[in-house]
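Peer 1: Take a look at the letters that make up each chain.
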Amino acid sequence: MDTDEPLIRARGLEKRFGDFEAVKGIDFDVHRGESFGFLGPNGAGKSSTMRMVGAVSPVTGGELRLFGLDPATDGKAIRARLGVVPQQDQLDEMLNVEDNLVIYGRYFDISYAESRAQARKLLEFVQLEDRATSKIMPLSGGMKRRVTIARSLMNDPEILLLDEPTTGLDPQARHVLWDRLYRLKQQGVTLVLTTHYMDEAEQLCDRLVIMDEGRIVAEGPPAELIRVHSPREVLELRYPAGANAEQGPALEGIGARQEVLPDRVLVYADDGEAALSEVHRRGASPESALVRRSSLEDVFLRLTGRTLVE
Amino acid sequence: MTTASTRPRATNAQRAFPLTAMLLPPALRQAHRPFRILERHWFVGKTSFIWIILGGFFEPFFFLISTDLGFGGLIDDIEVGGTLVPYVEFVAPALLAASAMNGAMYETMNVFFRINFDKTYESMLATPVTVGDVVIGDVLWATLRGAIYSVAFMAVMVAMGMTSSWWGVLMLPGSIVIALAFGGVGLTAATMLRSIEDFEYVPTASLPLFLFSATFFPVSAYGDLGWIVNLSPLYHGVALLRALNLGQLSWGLLGHVAVLLAIAVVGVSVAARRIERTLLT
Ligand SMILES: Nc1ncnc2c1ncn2[C@@H]1O[C@H](COP(=O)(O)OP(=O)(O)O)[C@@H](O)[C@H]1O
Ligand SMILES: [Mg+2]
Numbered sequence: 001m002d003t004d005e006p007l008i009r010a011r012g013l014e015k016r017f018g019d020f021e022a023v024k025g026i027d028f029d030v031h032r033g034e035s036f037g038f039l040g041p042n043g044a045g046k047s048s049t050m051r052m053v054g055a056v057s058p059v060t061g062g063e064l065r066l067f068g069l070d071p072a073t074d075g076k077a078i079r080a081r082l083g084v085v086p087q088q089d090q091l092d093e094m095l096n097v098e099d100n101l102v103i104y105g106r107y108f109d110i111s112y113a114e115s116r117a118q119a120r121k122l123l124e125f126v127q128l129e130d131r132a133t134s135k136i137m138p139l140s141g142g143m144k145r146r147v148t149i150a151r152s153l154m155n156d157p158e159i160l161l162l163d164e165p166t167t168g169l170d171p172q173a174r175h176v177l178w179d180r181l182y183r184l185k186q187q188g189v190t191l192v193l194t195t196h197y198m199d200e201a202e203q204l205c206d207r208l209v210i211m212d213e214g215r216i217v218a219e220g221p222p223a224e225l226i227r228v229h230s231p232r233e234v235l236e237l238r239y240p241a242g243a244n245a246e247q248g249p250a251l252e253g254i255g256a257r258q259e260v261l262p263d264r265v266l267v268y269a270d271d272g273e274a275a276l277s278e279v280h281r282r283g284a285s286p287e288s289a290l291v292r293r294s295s296l297e298d299v300f301l302r303l304t305g306r307t308l309v310e
Numbered sequence: 001m002t003t004a005s006t007r008p009r010a011t012n013a014q015r016a017f018p019l020t021a022m023l024l025p026p027a028l029r030q031a032h033r034p035f036r037i038l039e040r041h042w043f044v045g046k047t048s049f050i051w052i053i054l055g056g057f058f059e060p061f062f063f064l065i066s067t068d069l070g071f072g073g074l075i076d077d078i079e080v081g082g083t084l085v086p087y088v089e090f091v092a093p094a095l096l097a098a099s100a101m102n103g104a105m106y107e108t109m110n111v112f113f114r115i116n117f118d119k120t121y122e123s124m125l126a127t128p129v130t131v132g133d134v135v136i137g138d139v140l141w142a143t144l145r146g147a148i149y150s151v152a153f154m155a156v157m158v159a160m161g162m163t164s165s166w167w168g169v170l171m172l173p174g175s176i177v178i179a180l181a182f183g184g185v186g187l188t189a190a191t192m193l194r195s196i197e198d199f200e201y202v203p204t205a206s207l208p209l210f211l212f213s214a215t216f217f218p219v220s221a222y223g224d225l226g227w228i229v230n231l232s233p234l235y236h237g238v239a240l241l242r243a244l245n246l247g248q249l250s251w252g253l254l255g256h257v258a259v260l261l262a263i264a265v266v267g268v269s270v271a272a273r274r275i276e277r278t279l280l281t
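First to last, the protein sequences are chains A and B.
Note that the numbering used here has the first sequence beginning at 1, numbered continuously upward.
Note that the numbering used here has the second sequence beginning at 1, numbered continuously upward.
Isolated chain A, as found in the complex:
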């Protein structure tokens, strides 16, 4: 394999379930050592894409290569080099925490003694060494997620696939996970993750694609996506319930662009404070106002007309 050939390469990649097209021809490359993300709302086709990349779901159109290999013919060889954290944990509830890892290592033909040693090392890495003999059931959501991550590292994967690694976790558990993933990234593991949280995408991804309804609508490093697709600042205005929609005419011409959402009005401007002064000058003062930096959420809204998390 060429040194500059991407680890993952997709061209016109499609996934069809019967008549329904979940992934409608997407192109992307993931390079070694990179941390790459799919950001998009529920149903965008993120998991469908990840399952194809994981060589468990047959590609129904287009081309997909991992390590230069075709998942249709070399699925086993590809899976041997991947670590997979699926959207649902799928831990073996019949086995305790450590045995979950040991047996999983055996699926990769790692010797029993080596698998046991690797399991202990990884439980330490995810800070669960004191839970080694616990059953799976009593663990919290965040702990199960960490066991799943430890399990996915049993074969020292070259690429780690993480499908919504922190969805459903409380903020503290999310930070613990982010910290562990950041360490892996520093160790040079190539990360591919999906998320519908823009803060997660900003924290973990060097580069990402924004997905919507089976298509990629934008691609780039998070900061660049924001710079290209959104003015620097956002002025958030909240008017009394039901009155947000009526503000249109009064705010016309302020900032570069405006979005009226059910609960607030967003004014996009390079200088948010100046825009707010103009709002007050026109006598359209809101109940509350807030100036913040543009985020990936704004990019998504701009490109699709919808919000990421409903």
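Take the hints with a grain of salt, since some may be wrong.
[What the hints assert, rightly or not] Below are the SDA-like pairs computed for lysine to any residue, each with C-alpha atoms no more than 25 Å apart in a straight line:
#1 A:LYS76 to B:VAL265
#2 B:LYS119 to A:LYS24
#3 B:LYS119 to B:VAL202
#4 A:LYS144 to B:LEU280
#5 A:LYS24 to B:THR281
#6 B:LYS46 to A:ILE110
#7 A:LYS76 to B:LYS119
[As the list claims (entries may be wrong)] Beyond 12 Å from chain B on every Cβ pair, some chain A residues (computed):
#8 PHE17
#9 GLN88
#10 ASP92
#11 GLU93
#12 PRO138
#13 GLN203
#14 ASP212
#15 ALA241
#16 SER288
Simulated from the structure, these hints should not be mistaken for lab results.
Built from N, CA and C at the ideal position, the CB exists for glycine as well.
Using the hints provided, position chain B with the ligands relative to the given structure of chain A.
Peer 2: Frame of chain A, contents of chain B with the ligands only:
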């Protein structure tokens, strides 16, 4: 990079055994790691294994005791292949065959939970493990349970003096073939169950099989309809073990073995295809 073909490449095994390549579906041909699956099941089952073994003893014990006490004195000797044998010696190998069947079938019912609730297979299939590994591993595990039941049963038979020939030792491999066949049948059945309620159909299918496989009376008792018995997979197991117990060896026995092995291959292949279609979407 361009690939010339999307067809899977022939493995060494296929080149060496073209016949296997024709008979076995691709999922099974790619199986190299079934023992990893056995290892997983052993990890899960090792603490309760003793109960399975004990269960294997008690079931035949009660069966044989009740047959011996109940029917032994009431029913005359029965003619099998030209010799008269006591009824108990006639029935015991048939019950042994049923026991191997049950051991394997009980075990495969766990497959339903592994597919639908535990998601055990899904995490296995994210690794180099293939569907072929999973089904072969599962059928071997089911066969192991059937074999344990059989050993227990044979021990009880010997202790109660229900064996009549040293050839009877061959009933063990015979039972293993039966367990293999019903492991395959059970695996396919487990992929067809849609919900826990569907488990009620399992005895509906297995009880008539148990009763009408020349288990309790010779094929001649079925009169003109005797040929129908041949359609029962269990009958081939019963006929095989009965002949071995009496030491009545003939080439015809290989026919029964062939039928049972064919059932195993079909059962495992159909199950593999169904699991592939459910999980690898
Ligand atoms: N096995 C399947 N059969 C039919 N439709 C599916 C299947 N898996 C996913 N879909 C559909 O494909 C679309 C994309 O799903 P998914 O890839 O899970 O999106 P995401 O992970 O971005 O939420 C959804 O509309 C979903 O209902
Ligand atoms: Mg998803």
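Peer 1: A separate judgement is required for each hint: does it hold in the structure or not?
Peer 2: Results for each hint:
1. A:LYS76 to B:VAL265: 23 Å, holds
2. B:LYS119 to A:LYS24: 28 Å, violated
3. B:LYS119 to B:VAL202: 23 Å, holds
4. A:LYS144 to B:LEU280: Cα-Cα ~24 Å, so holds.
5. A:LYS24 to B:THR281: Roughly 16 Å between the alpha carbons, so the hint for LYS24 (chain A) and THR281 (chain B) holds.
6. B:LYS46 to A:ILE110: With a Cα-Cα distance of about 21 Å, the restraint between LYS46 (chain B) and ILE110 (chain A) holds, given a limit of 25 Å.
7. A:LYS76 to B:LYS119: 20 Å, holds
8. PHE17: 7 Å, violated
9. GLN88: 7 Å, violated
10. ASP92: Given a closest Cβ separation of 6 Å, the condition is violated.
11. GLU93: Violated: least Cβ distance 6 Å, not greater than 12 Å.
12. PRO138: Given that every Cβ of chain B is farther than 12 Å from that of PRO138 (chain A), nearest at about 17 Å, it holds.
13. GLN203: 25 Å, holds
14. ASP212: 22 Å, holds
15. ALA241: Check passes; 44 Å lies beyond 12 Å.
16. SER288: 46 Å, holds
Hints 2, 8, 9, 10 and 11, counting from the list given before, are not met by this structure.
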